[in-house]
Amino acid sequence: MKTDIILCGVGGQGILSIATIIGEAAMNENLYIKQAEVHGMSQRGGDVQSNLRISDKPISSDLIAKGGADVIISMEPMEALRYLPFLSKNGWIITSSAPFVNIPNYPDMEVIRQDLDKLPNVIVIDIEQMAKDNAVPRSANVILLGAAQKALGIEYDKLEDAIRRVFGRKGESVVEANIKALALGREAQK
Amino acid sequence: MVEKKLLLGDEAIALGAIHAGLSGVYAYPGTPSTEITEFIQGNALARERGIHSRWSTNEKTAMEAALGMSFMGKRAMVCMKHVGLNVCADPFVNSGMTGVNGGIIVLVADDPSMHSSQDEQDSRFYGKFALIPTFEPSSQQEAYDMMSAAFDYSEQQHLPVLMRVTTRMAHSRAVVKVATIAREENELNYNAVASSWVLLPANARKRNDIVTAQQAQLEADAVSSAFNQYMDGADKSLGIIASGIGYNYVMECFPDGCPYPLLKISQYPLPKELVRKLMAACEKVLVVEEGQPFIEDIIRGVGDSAQIQGKLSGELPRTGELNPDIVKKALGMESDECYAACEDVVPRPPALCMGCGHRDVYAALNEVLKEYENARVFGDIGCYTLGFLPPYRAIHSCVDMGASITMAKGAADAGQWPAVAIIGDSTFTHSGMTGLLDAINENANITVIISDNLTTGMTGGQNSAGTNKFEAICRGLGLSDEHLHVVVPLPKNMQEITDIIRQEINYNGTSVIIPRRECLQTLRRHLKEKRAKEQEGKQ
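In the order they appear, the protein sequences are chains A and B. First residue of the first sequence? That's 1 in this note's numbering, and the numbers climb one at a time after it. First residue of the second sequence? That's 1001 in this note's numbering, and the numbers climb one at a time after it.
Since the hints were made in silico from the structure, they are not lab data. Treat the hints with caution; some may be incorrect.
[As the list claims (entries may be wrong)] Not the full set, but computed from the structure, chain B residues with beta-carbon under 8 angstroms of chain A:
(1) L1006
(2) R1168
(3) H1171
(4) P1349
(5) L1386
Ideal placement from N, C-alpha and C gives every residue a C-beta, glycine not left out.
Next comes chain A alone, as it looks inside the complex (with noise of 0.2 angstroms):
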């Protein structure tokens, strides 16, 4: 088993809290796991990644080769599209529809759309709205989590234990809240 993985937003946007549930179900299944992150400026309002990779292998390389990754989990979609030469072929991307526009010059949203339709696997969720709408306004990110569920090869209820221990010290609303939205996505992937 082995899923090299891409998550992808703007600096503020969550994405390592999604690579902390991924990697702490990982580290219960007793896979190896390499995670890079990125620190320092560029989290401030620019683009960010963390490249994530699980195997039941030991994994050398830190960063994913080109053509590489089984999935991108994007909290963003121009974003999505930027690590497109790292996706495999044959790979998925998870992301979120809701353009962050903090440049002047973002693209037309209809170009961005078309774009990733036509590629092979594309899941794109309004994750902000449908976070909204069921009264679970800080979970965006988890929701984008189980959509992105299959795609990752990690079984639903070692995600949901994950986010238990991960969110556990926070209370019980708020791994209620997760759970909840870990639920959705796992719906919206559908």
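Position chain B against the provided structure of chain A, taking the given hints into account.
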């Protein structure tokens, strides 16, 4: 007993140091090294033991404090980013002459590809230059294991050890097997002898002879080191030398094992005996190292070196960090089939946070400076360097920590007016104060803006050494109250701020304006902590 933990490379280093009996870490925040000290600050055992972990004012004060702790027999670590080693180059190089009593590890995190830095310098050159052994882990696990080995080696050789990591090691997580018990700290002792530590020429010459003679032993140790490994392979058409994280990228290309003889290097001085063995056995040798061509430069003679491939002969790019695709290409392998880059994607550069006080400072500065024909603004290192980008385009230079003030002074000396320096609070105490003294002593015609957000913002909001002391520091350096102003950078105060900037630019002499408002990132964190405390109080 061991347990498994998911740790950043930086965190593995920190825990390795604590478990190796560390008594103090000294550091100034700098990407990608910051998380080492932060981890120690938050570690329960470190707190229980009272391991020193408060931030230092700069890398030089950090290095010197570590020398003091070592002088008394205890184990100390100094952490910094690569350019920080320039700041502490004086004590670092001289620590090769004094040697150590308690072990010292100087941990330097290089940043190839300059994710968050102004250059790509490779710290291994400093190790060679200072005659100090250098360690370079290839994985998070090796980094953890090396800490204890490096402290032991430092004490055995009576020399500091330079440990070099790069961004991808520092900021990548992996599962690390760690010990459940920690070695005790060293006891304070008086073994340090003055003849080693008083670097008068007469003493230093003797030490220089000793340390120079020691180099042969250091190289012999590198030959037999468990961190350096010669792994034979059946196909002798190529041999590979891979150092640090470069080793991982090579192994990534050969999931079923490397068919070529492979020399993994993680301890220096370069074990030339192993290199000779590889070169004698193989037709060609590819050197895969992250950073500058340090190993390649050593082994490439001025005569025929057609056998050697690497960054100097073009098989690997001379600049930027390595990645699996670059190494694959150098090995003559094809990359996997992949999609072309999407042409509709546009760059998304980092920017100052919305509502950040630095924004108001630049808005005011630009408003005033458009009244002058040729104003020049000398910038410095921190979030406010982003003032170079649109919409402000407000600074004309950014060189190193503290250079804003001294460059503005030099420009004023050359006849420039207006010459404005903009520097953050933490950068000012790091390396700006001495430059301001130069300016005040000559009453140089410059306007210095210390944009004080009460923290070291760029690296994530660490404590800033001078908080609440800036007016006192400026007065202490001899600045008159008349030309020292504190303002609150908010849009509603724009009139007041622009008036003061204009007035001080028109004053022929040194003045300081301190716009002061807390960083939004730390403000948010402080409010969150406050709410959490209130919640606890209610329960």
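Results for each hint:
1. L1006: holds (5 angstroms)
2. R1168: holds (5 angstroms)
3. H1171: holds (5 angstroms)
4. P1349: With a minimum Cβ separation of about 6 angstroms from chain A (threshold 8 angstroms), the hint on P1349(B) holds.
5. L1386: holds (7 angstroms)
In this structure, none of the earlier numbered hints is contradicted; all agree with it.
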